[in-house]
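The task is simple: from the sequences and hints, build the whole structure.
Protein chains in written order, with numbering that gives the first Met the number 0: chain B, 0 to 484; chain C, 0 to 133.
Please note: incorrect hints may appear among the correct ones.
[Said to hold, decoys possible] Here are the simulated BS3-like pairs of lysine-lysine, each with C-alpha atoms no more than 30 Å apart in a straight line:
hint	chain 1	residue 1	chain 2	residue 2
1	C	132	C	70
2	C	70	B	189
3	C	132	B	60
4	B	250	C	4
5	C	132	B	250
6	C	132	B	191
7	C	132	B	71
8	B	397	C	132
Hints were generated in silico from the structure; no laboratory data involved. These numbers come from a predicted model, not from an experiment.
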Amino acid sequence: MSVVKAVTCPVCGSLCDDIELTIEDDKIVKVKNGCAMCESKFLGYNSEHRFLKPLIRKNGKLVKTSLSEATKRAAEILAEANYPILYGWSSTSCEAMGVGLELAEEVGGVIDNTSTVCHGPSILSIQDVGIPSCTLGQIRHRADLVIYWGSNPWSAHPRHIDRYTAFSEGRFEKSAWKGYLTKIKASNVKKKIESAIRRVFFKQKPSAPPLLRAGPPPAILKEGRKLVVIDVRRTRSAEIADYFIQVPPNKDYELLQAFRALIRDQEIEVDEVAGVPVEYLEEIADVMIKCNFGILFFGLGLTMSMGKLRNIDAALSLIRDLNMRTKFAIMPMRGHFNVTGANTVFTWQTGFPYAVDFSLGYPRYNPGETSVVDILLRKESDSALIVASDPVANFPSKAVEHLVKNPLVVIDPHMNATAQMADVVFPSAFVGIETSGTAYRMDHVPLPLKKIVAPPRGVLSDQEILKRILSEVRKIRKRKQVEAS
Amino acid sequence: MIANKLQVTLLTGRTIEQGVGKERGKASEEYIESVSVCYMDPEDLKRLGIKEKTNVQVSTEHGSVVVKAVKSLRGPHLGVIFIPYGPWANVVVNPETHGIGMPSFKGISAEVEPAPDKPLLSLEELLKEQFGKE
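In structure tokens, the structure reads:
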């Protein structure tokens, strides 16, 4: 039995690197420090849903095949295509992405990563407006105001709040954890007393407390770190917060612009904006201006709702305005553990962060035209390679229809909906568990992913599988050139 | 008064159950169960006259899918329903990218109606129904 310390968790963009794993007989038996998703990954990755042999579609059914046959078939599919899509990449290592980009250039395809359906609009907006950002370490030690907008870290980045923001013990800012515990205890006692009174004196059945609270906005009077959540639902993150504003769906833009007006000392001549009374907004605007160092984290609540990149424009501009009054930074909450790495590697190799089209022989970038969902909706692609992703489960059905109509190659450690519809499927080793690599945290800090245990016999890494496909594609193309001449 | 159907706004998004399920395996029961549900405000369930765990049919102009209604603990969000990201949500989300590559996954106008007699499809059945391929 051995313990491996300082393991980087390959699940979400927080990339926690303090995980401790206990290994017995080359198996992970215990996870320390991780969240629910981390534990599920490290303990469950080797479940019955894993497949260990390459699969190929014959007579409409997926059947086991050899690695060399699968490689050949995959290479043929890609080499013969006029306009193949190479999609996924955010859940693999930067090293594998490097090979993927080479392959995309070789076959003249479009290479896109999952940011196209998550923070793609953020990237477009950052290219327009710019982004004042920082590392998560700075936030942990210095931020005294933390805002999550359209983001629910409790569910999507479970340790974000206690590792990097409000509940972390920083050098200059203390954790707000104890205050939160006191608040929860007090509220539980209050609920119990109220429910007892109702049952004993009014003979009412036990029921949930009334949902809408009337009365003036609760001022944030507390000292120290403050946590504000702005979202369409009262998520668990919102319950933790010192202040929560519930914004109706698709109204974020109005609210952001109202904040901009308030920060610039302009008066708002209406009683409420996006259904939120102006005095609530004034209170938050005050807190924003008075903080020493604030940070706004935004999630897909902004990028997927009406306005999309324009919402991000407004958020970035709000932070620009705030920097005239105090110090403020902003950061997108990146989902997949290496989606930031995908943007970074794509950019240093091609000049563009996602949706890169090699069909003219040089890289071209025009999201809306060269982004994978648009290509699928226009029915232009004629084959696809999916690496470490599950677009059948994550794209709108209309886009998936065209994806599964054409030859489809999938490289993934687990069987998923996309693999079930594929023509060639390669099992791969888990990056960060069975093979090493590099990943970028959401604040663009690169971290090493460790190899903890050996992969099953015959199962290769994404990088190795891609290298073999690339070499096979080059052979086919060379043969064709010789035949043509 | 009990309504036959409700006009609602559909949100899709992440839940911790979906996050845990996807790491366990996309074919795992945990994952399938976590993404074939629709979180509704308790008041909306009352307005439809149904109990929790009844099948409901969610329809938008892009498609229609049967999911299991679950009482939302994240209320109040009257008139707003929430389906976690996954194959079921995809049937009804708006593919429109507004020229920037990003489909509209949140804030879609939808109709929800009780469908106690309609079956909740398995992943295989759903994929077969949607794309005619297994």
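Checked hints:
Between residue 132/C and residue 70/C the alpha-carbon distance is near 33 Å, which puts this suggested pair outside the 30 Å criterion. Pair hint residue 70/C plus residue 189/B holds up; C-alpha atoms about 24 Å apart against a cutoff of 30 Å. With a CA separation close to 10 Å, the supplied pair residue 132/C and residue 60/B stays within the 30 Å bound. For the proposed pair residue 250/B and residue 4/C, the alpha carbon gap of about 25 Å is at most 30 Å, so the pair holds.
Distance check on the hinted pair: residue 132/C and residue 250/B sit about 39 Å apart at the alpha-carbon level, beyond 30 Å; violated. Between residue 132/C and residue 191/B, the direct Cα distance comes to roughly 54 Å. Violation of the 30 Å bound is thereby established for this hinted pair. Pair hint residue 132/C plus residue 71/B holds up; C-alpha atoms about 24 Å apart against a cutoff of 30 Å. Distance hint between residue 397/B and residue 132/C is fulfilled; the C-alpha atoms sit about 15 Å from each other, no more than 30 Å.
When each numbered hint is compared with the structure, violations occur for hints 1, 5 and 6.
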